[in-house]
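Chemist: Residue numbers (the working numbering), protein chains in the order written: chain A, 1 to 253; chain C, 1001 to 1253; chain H, 2001 to 2253; chain D, 3001 to 3253; chain Z, 4001 to 4253; chain S, 5001 to 5253; chain U, 6001 to 6253; chain W, 7001 to 7253.
Please keep in mind that the hints were generated in silico from the structure rather than gathered at the bench.
Here the structure is a predicted model, which means the values were calculated and not measured.
All residues carry an ideal CB built from backbone N, CA and C; glycine is no exception.
Hints should not be assumed to be uniformly reliable.
Said to hold, decoys possible - Label pairs and their computed distance ranges (CB to CB): (1) K2117(H) - E1111(C): 56 to 66 Å; (2) K6150(U) - Q4103(Z): 29 to 39 Å; (3) S5084(S) - S4099(Z): 29 to 39 Å; (4) K92(A) - K7150(W): 52 to 62 Å; (5) P3116(D) - K5089(S): 31 to 41 Å; (6) R7151(W) - K5089(S): 27 to 37 Å.
Stated by the list, open to error - Only pairs whose alpha carbons sit at most 25 Å apart, straight line, appear in this in silico SDA-like list of lysine to any residue: (7) K150(A) - Q1248(C); (8) K2089(H) - E4062(Z); (9) K171(A) - K6089(U); (10) K1089(C) - T2060(H); (11) K4252(Z) - P5168(S); (12) K6252(U) - A7148(W); (13) K1252(C) - Q169(A); (14) K117(A) - K1252(C); (15) K5171(S) - I4249(Z); (16) K252(A) - L1167(C).
Said to hold, decoys possible - Just so you have them, the derived chain H footprint on chain Z, three or more residues with Cβ under 8 Å: (17) 4056-4065; (18) 4124-4135.
8 protein chains.
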Amino acid sequence: MDKDKVVKLLTQLSQGDASVETVYSEMQHLPFKDLDFARVDTHRALRQGFPEVIFCLGKTPEQIIAIALELTKNHNIIIGTKCSAEQAKFIKEKMPEVSYFAQGNILFWGELAGKPKLDFTVSIVTAGTADLPVAEEASIYLQAAGVAVKRQNDIGIAGLHRLINVLPQLKDCSVCIVVAGMDGALPGVVAGLLAIPVIAVPTSVGYGASFSGVTPLLTMLNSCASGVTVVNIDNGFGAAAAALRIMQIMHKK
Amino acid sequence: MDKDKVVKLLTQLSQGDASVETVYSEMQHLPFKDLDFARVDTHRALRQGFPEVIFCLGKTPEQIIAIALELTKNHNIIIGTKCSAEQAKFIKEKMPEVSYFAQGNILFWGELAGKPKLDFTVSIVTAGTADLPVAEEASIYLQAAGVAVKRQNDIGIAGLHRLINVLPQLKDCSVCIVVAGMDGALPGVVAGLLAIPVIAVPTSVGYGASFSGVTPLLTMLNSCASGVTVVNIDNGFGAAAAALRIMQIMHKK
Amino acid sequence: MDKDKVVKLLTQLSQGDASVETVYSEMQHLPFKDLDFARVDTHRALRQGFPEVIFCLGKTPEQIIAIALELTKNHNIIIGTKCSAEQAKFIKEKMPEVSYFAQGNILFWGELAGKPKLDFTVSIVTAGTADLPVAEEASIYLQAAGVAVKRQNDIGIAGLHRLINVLPQLKDCSVCIVVAGMDGALPGVVAGLLAIPVIAVPTSVGYGASFSGVTPLLTMLNSCASGVTVVNIDNGFGAAAAALRIMQIMHKK
Amino acid sequence: MDKDKVVKLLTQLSQGDASVETVYSEMQHLPFKDLDFARVDTHRALRQGFPEVIFCLGKTPEQIIAIALELTKNHNIIIGTKCSAEQAKFIKEKMPEVSYFAQGNILFWGELAGKPKLDFTVSIVTAGTADLPVAEEASIYLQAAGVAVKRQNDIGIAGLHRLINVLPQLKDCSVCIVVAGMDGALPGVVAGLLAIPVIAVPTSVGYGASFSGVTPLLTMLNSCASGVTVVNIDNGFGAAAAALRIMQIMHKK
Amino acid sequence: MDKDKVVKLLTQLSQGDASVETVYSEMQHLPFKDLDFARVDTHRALRQGFPEVIFCLGKTPEQIIAIALELTKNHNIIIGTKCSAEQAKFIKEKMPEVSYFAQGNILFWGELAGKPKLDFTVSIVTAGTADLPVAEEASIYLQAAGVAVKRQNDIGIAGLHRLINVLPQLKDCSVCIVVAGMDGALPGVVAGLLAIPVIAVPTSVGYGASFSGVTPLLTMLNSCASGVTVVNIDNGFGAAAAALRIMQIMHKK
Amino acid sequence: MDKDKVVKLLTQLSQGDASVETVYSEMQHLPFKDLDFARVDTHRALRQGFPEVIFCLGKTPEQIIAIALELTKNHNIIIGTKCSAEQAKFIKEKMPEVSYFAQGNILFWGELAGKPKLDFTVSIVTAGTADLPVAEEASIYLQAAGVAVKRQNDIGIAGLHRLINVLPQLKDCSVCIVVAGMDGALPGVVAGLLAIPVIAVPTSVGYGASFSGVTPLLTMLNSCASGVTVVNIDNGFGAAAAALRIMQIMHKK
Amino acid sequence: MDKDKVVKLLTQLSQGDASVETVYSEMQHLPFKDLDFARVDTHRALRQGFPEVIFCLGKTPEQIIAIALELTKNHNIIIGTKCSAEQAKFIKEKMPEVSYFAQGNILFWGELAGKPKLDFTVSIVTAGTADLPVAEEASIYLQAAGVAVKRQNDIGIAGLHRLINVLPQLKDCSVCIVVAGMDGALPGVVAGLLAIPVIAVPTSVGYGASFSGVTPLLTMLNSCASGVTVVNIDNGFGAAAAALRIMQIMHKK
Amino acid sequence: MDKDKVVKLLTQLSQGDASVETVYSEMQHLPFKDLDFARVDTHRALRQGFPEVIFCLGKTPEQIIAIALELTKNHNIIIGTKCSAEQAKFIKEKMPEVSYFAQGNILFWGELAGKPKLDFTVSIVTAGTADLPVAEEASIYLQAAGVAVKRQNDIGIAGLHRLINVLPQLKDCSVCIVVAGMDGALPGVVAGLLAIPVIAVPTSVGYGASFSGVTPLLTMLNSCASGVTVVNIDNGFGAAAAALRIMQIMHKK
């Protein structure tokens, strides 16, 4: 949804700063297209160049294709998250132009920007190799939005020297996304050494009492280091979106 | 802890950019004072003017006093969070200069800055009156750090017109902290209407199946609006600290 | 909140059926009073004569009094739910006109209507004596709204003959609210014998593996009899409010 | 089970209003057929024209067929819920006349009534496209019972303008069923804007901390808007059955 | 409830073996007394001499007294379970003839039978001293019912020799009730050495990850030794009642 | 394990009633055969004619075969529980004499006794058709042990008349095993009408908030009717074993 | 229990290496004293000089005194754990010679050894000041057993330099006990830097989503660093006992 | 990571005992190799001859191969844990020299040492045959590290004589690892009879209320016998690593 527009219209109306006619006609052309099974926000953030996102989990491939077709009318970058290999195979046969990043379970319509358009760098750190898919989801979404991404993989707290080694690079970024499963202790350690925003992403990596990500989620919420914020388990996209919110307020100022 | 200093020393050492003598003598004077039962970070963020924080839960009043006495040697603003009325009463008898904000369970040594020193405003929104203590904790900490705070209380989603009414004010802030118990749905609705960072704080307000804050915590982690980040239940201080991290990166840029 | 009014204004505006001036001036006078710590919906359901409700849990007695004072300007019946004996004692000293129903933890400003104004009867059934407080909460709220209530207490499934004995009376009501703790099996048995709406209220009555109401809540959600709906643990008020929604649609038709 | 009949017989007996002979002979012909592995309620609601329902989960296809054959002796509309594609395939080979609605996992014997027989309309709203199967289950059952259904899909709270757009249509219905997964916040927002009965259905749509529907279930039980009732996760049929209970009492009055 | 009587009447009626007149007049005198807040089963098990039971948790002292007064009209032994010291104090002032067994939280009207009337012995074994209150509840109820009880306390599995020492006595009983908190392992070990019925009672004794009895409950449900059955946490009365059911079938044969 | 023998040896030794030589030589020949991956209790209950049991879950087919071969040396009836179709297929190829009861997931070596040898009847009641596999497990084990079994299927509480219809038959049995999933309310209703031992078996039948059997398990543990005992989810064998313990004590007396 | 003795007797008997007479007379004098409510292991570890332990939670002060009196007949050091201030006050009035360490909730009969008798040092590290009571419990028990203890308090991972500072001291110990609440991340970091046994003790310190110690417990069980073992929440005594087991095997070798 | 080296370097630097040049050049050659998706600790424990470990869960076969190739440059024994049959098949095709132990899901590069190099024996006891895979994981890792292992399988507490039979062998070991699912009671019984360190490993063996290993985990944490320590569910490797930590401190002394 084009938040600014809707908010502006609602407040203009509630404050008497706009005539009903103007508002109505604007509303007519605005926000969504009803595909019966989905209402597509066709104008969401059009001016910002941010990629549109389709959450693929639980949708049929046909539904994904229909939504994508509608979105391509107004956007040049579209991303599908949590897309399984089977869904991707079916879609690719109908829409050969789509790219599928299997590691991050991401569909991609358009082109990954050659070089970042914005002075804003996000570092993405993973605790282990098995956390890569979640980091990949965050990374591709940020890159598609024109944000520079630095990756540091496999920095578990069991080998602190690996973390100390990359600290200088982390310090120079605007935001640090830390992706970890199992004990989920890495974001707390990182946040104890950095003053920048740290967004923690628990992953379902682990077994037994990691309970599909519940353990790292709880660890991160209880982090001793202050100011760590957390998103849903395996929600790399959410962490990236939170980083974009920070970017937006920085560029607005 | 003075993060920059420690990180710099560690990396200088690991890269050979500093002699051991320099590092050692710097370390001697640096980071903490061992009170036997606590190691006080006496220099943490000295230059930034940020308030020092004592987490009072589980400490004896005597321990809180001893830590405060040590911290006052180097800081002029100190805050104690999660401080019960009993703890506060005992401490106030020994240290009459301390202020106690009963609603937010906060001890305060020093003075709340007259007017914000920084161009950065945080709005704090509560879903109900019972969420006020948690909002108060965030608010006092931010104000002590010299940040302007705008408060909007009792904006439950059961009365959307109250939310729409305050949207324009929320939009002009740098960060929005949303505090909610029971169903915890407010942060998702707010984030759907704002493009700025939204930090959600679940509270233990409610009864029955709100499970002392578990329900709003889960709701917030699953927010339909993208980019909402979450902190621990009742952790107003944590949300404030996350907002300060965003402020730090904005002022550094 | 006066739902009809707000919805009408919003849709008139979005459809161009009302001028901004009209809407704006209506909005000025309308929905809430900002008490700083609370936004009071002063007009909510004014025309319907339904009682206004203050959720007392987590509010200070002073806050409850201030909200009540504001509400009394426009309402003649006000109810406070989940009000502890201590809160009630403090409030009663300042507002001697308030009644306190200790069993249901309810404050009451105004008068319980002498006889029901509406052709709509709700039966409230409890499984055990300890479930009475929750049933009382539902009962007083319904009576305050002018609805006839029939009470049947202590109808546990361990003595089916007690249930069979009251079936004819239950059948003649419009809605049946069933309140049960421990195994929570009663609503399913009742719903198997009645065709009218059955609203189940789990209570925190029990010990050990009843887990403060979780067990009856789960039992009710999994009821073998179809069409049982459920509200939060100990939420007698919620069940009554759901019954009122059914009454509203019946009287509208 | 034909509730009225059984209740009437039991109470007549317990009150002495019927002779044993009458009761006995009535009982002989009445309620069920023992298929050894199942006791089929052959007369349940015969006069009301409501569809009979077979809960397919955990039954073998052979058992489903045997029950259906028995039911067809007395009913012209039969529905099977939670029927997997494999079960359906097997059954369709033996009973080609059955229809299978794959999206809602529903088997259907008989014909969907051309136009509603009753003056009672139920709106079914989904928060996202992935919630469609559960909404479909509710919808087909209601239509089979001769109830008019209005569908509104993909009305997430992240885009409030989509909800405001359909409010007028929702207001004119008798009951609103709201189906939502992930954060489950939609029913609370809807109930804050409507005075009609709102039945909330949590779905297992989501991942990570949505815990297969536990999160939306808890959110709905704690809804800030009063009078929302809740059914089991993914239980579209249950919500429809609850709506039919409301319809029954309305038409009886 | 006098089960045999009700079942007999219901089946006679459903089979035409009794006239309505007989049934009706029998029903008139039979099963309960409505005290408004409670329906007292005045005849339950009258002929068997089993004690009547009042579950005191959540009842007011006045309610307990009223129920007891009603029951004393037809019974000479009445027991109140889960009765707090405060409740007992209040009741004892009004009814000085009542005895209060503080350890088992039991009220007792009547006299503990001098010597067992039945050839049936139940052994009650506790794992630790802190499990005594739950064992006491079971013990008093059984003794009041005229059953011989053998007690063996503090037989933890950490000292197997204590268990082996009492095995011969346990073997000679009809039923063994095993009461244990913490790890709850004792019933499984006992059941591995005995062929008689073993009823396991988990207790809320313990701390940390014993979760108020959840851990011993789960341990007992998963017992490696086959044929262990389990009752609710701290439910000594329930275990005793289950033992009485076994006694009843033995004496009937 | 041959309990009597081991207990007798241990107590004789601890009381000095047997010489070491006797004990030692008895022990040499006695209890188990070490197959390296399993220690087979070759003499367990040899004199009682009870079937030996192999818990197949988690064992390889080869391990099951080896254990069965060892057991057949001393037993003529052997049962394997929780045996998957794949395991059974593999085993049947190597041991064609084995029978596989697919519904109950049971392997069977030997012959189901033509007619019960013991005067002891167990009724097994299921709430729904999907509970049959668990009931089957209990039934076959009991029949193999020479116990008469009466089956009553699909007696859900949503149709009480079906339950009342079979009450007379249930009353005449020695023990009643009640198998139920979803809301798990049936055992409590049955126990309210019967005085014989009632053993409740929760099943994983259901979906959503039935949580794979947790809900019926909790319901049963909190049963309002006193004296219901419970075994693990889906543990039909455990309920049967508990019934056999009751039988043993009855026949011993 | 004197493990060696019991095991030796049992195995001698099962192997024929001892006459029944010898065993019997030894058994007579051996292991426990039956106080009716408790069976006291009077000889447990007498020769090792290890302190005897009374778990006070759930015991009456009178029971604690009786057990202590029995134990003092054979031991000179006795410890009571989890003893509340109220229990201690009552006991101290009857037994003035007892010491009460309020911070660790420990009773102490005897004298804390002046200097360690054994070449074995245990370091006890706490993450925060509020973890001290649990560390104290471990510390006093170890000291009472003659083991040297090194304490390092308030070493949270938010300030890594504090940990690095004490590493050399930790390295020189035989075992490291790490006590932490909240996120529970410290043991994993410590274990990544040390090769000695690390025993992790989660504490109930924290609030909100720390769930009274569940979060640090889960974090520790999922530690990335290999070989960390864990004891129950707040179980300082258990960690100390595990350290003593290691000491025993070292001194035996 | 080569813990001694890193700790030594860090402390030398922080104490001024080493020049930066030495430290820097040492660091250059030291700890890890960055493979982009993983940072391999190439020197970890090189001198000790301990096997290097790759945690295979969640890694692609290609990643496992790449890490293994890097590790083989410096190690002669490498182990991969939690490796599925599919992963193993793929890897074996590319690296035919690898061995796959299917029961323990372990990859093995190198040779299992012919005879133990160290005077340290670990006994591994399983409660049931289905626990073997977890025991196998521990066993192979220990043997690869040159430690003698004694295996005792299928020692459930339902047959205590099997446990008593092997006690003498367990007593002579240095450490006892006890692996159990279902009720998880075995470690507590074993620890009650042994004075050596007991490390408990819960397994996911069981069904229903064993909750994939949660039940044995909780049982073990609450063990009545003192000093039992616990690792994650199914974490045989972790138990072995904890045993190695004990061995290291013993050999150092």
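Chemist: Apply the coverage criterion to the segment 4056-4065 of chain Z and chain H: a residue qualifies when its Cβ sits closer than 8 Å to a Cβ of the chain, and three qualifying residues are needed.
Modeler: holds (count 4)
Chemist: Could you tell me whether the CB distance from K2117(H) to E1111(C) stays inside 56 to 66 Å?
Modeler: Between K2117(H) and E1111(C), where Cβ atoms are some 59 Å apart, the hint holds.
Chemist: Taken at face value, is the distance from the CA of Q1248(C) to the CA of K150(A) at most 25 Å?
Modeler: This hinted pair holds, its Cα atoms lying about 20 Å apart.
Chemist: Verify the proposed pairing of K6252(U) with A7148(W), using a straight-line Cα cut of 25 Å.
Modeler: holds, 18 Å
Chemist: Given the proposed pairing of K117(A) with K1252(C), does the C-alpha separation stay at or below 25 Å?
Modeler: holds, 20 Å
Chemist: If you draw a straight line from the CA of K2089(H) to the CA of E4062(Z), is it 25 Å or shorter?
Modeler: Holds. K2089(H) to E4062(Z) sits at ~22 Å (cutoff 25 Å).
Chemist: Check the following: the C-beta atoms of R7151(W) and K5089(S) are separated by a distance inside 27 to 37 Å.
Modeler: holds, 30 Å
Chemist: Next pair to validate is K4252(Z) with P5168(S); report whether the Cα-Cα distance is within 25 Å.
Modeler: Answer holds: K4252(Z) to P5168(S) is near 16 Å, not above 25 Å.
Chemist: Need the status of pair K1089(C), T2060(H): alpha-carbon distance at most 25 Å?
Modeler: Holds - the C-alpha atoms of T2060(H) and K1089(C) are around 20 Å apart, at most 25 Å.
Chemist: Can the suggested window of 29 to 39 Å be confirmed for the beta-carbon pair S5084(S) and S4099(Z)?
Modeler: violated, 57 Å
Chemist: Can the suggested window of 29 to 39 Å be confirmed for the beta-carbon pair K6150(U) and Q4103(Z)?
Modeler: With a Cβ separation near 44 Å, K6150(U) and Q4103(Z) fall outside 29 to 39 Å, so the hint is violated.
Chemist: Do the alpha carbons of K171(A) and K6089(U) lie within 25 Å of each other, as the hint requires?
Modeler: Given pair K171(A), K6089(U) is violated - Cα atoms ~55 Å apart, limit 25 Å.
The structure does not agree with the numbered hints 2, 3, 5, 9, 18 stated previously, though it agrees with the rest.
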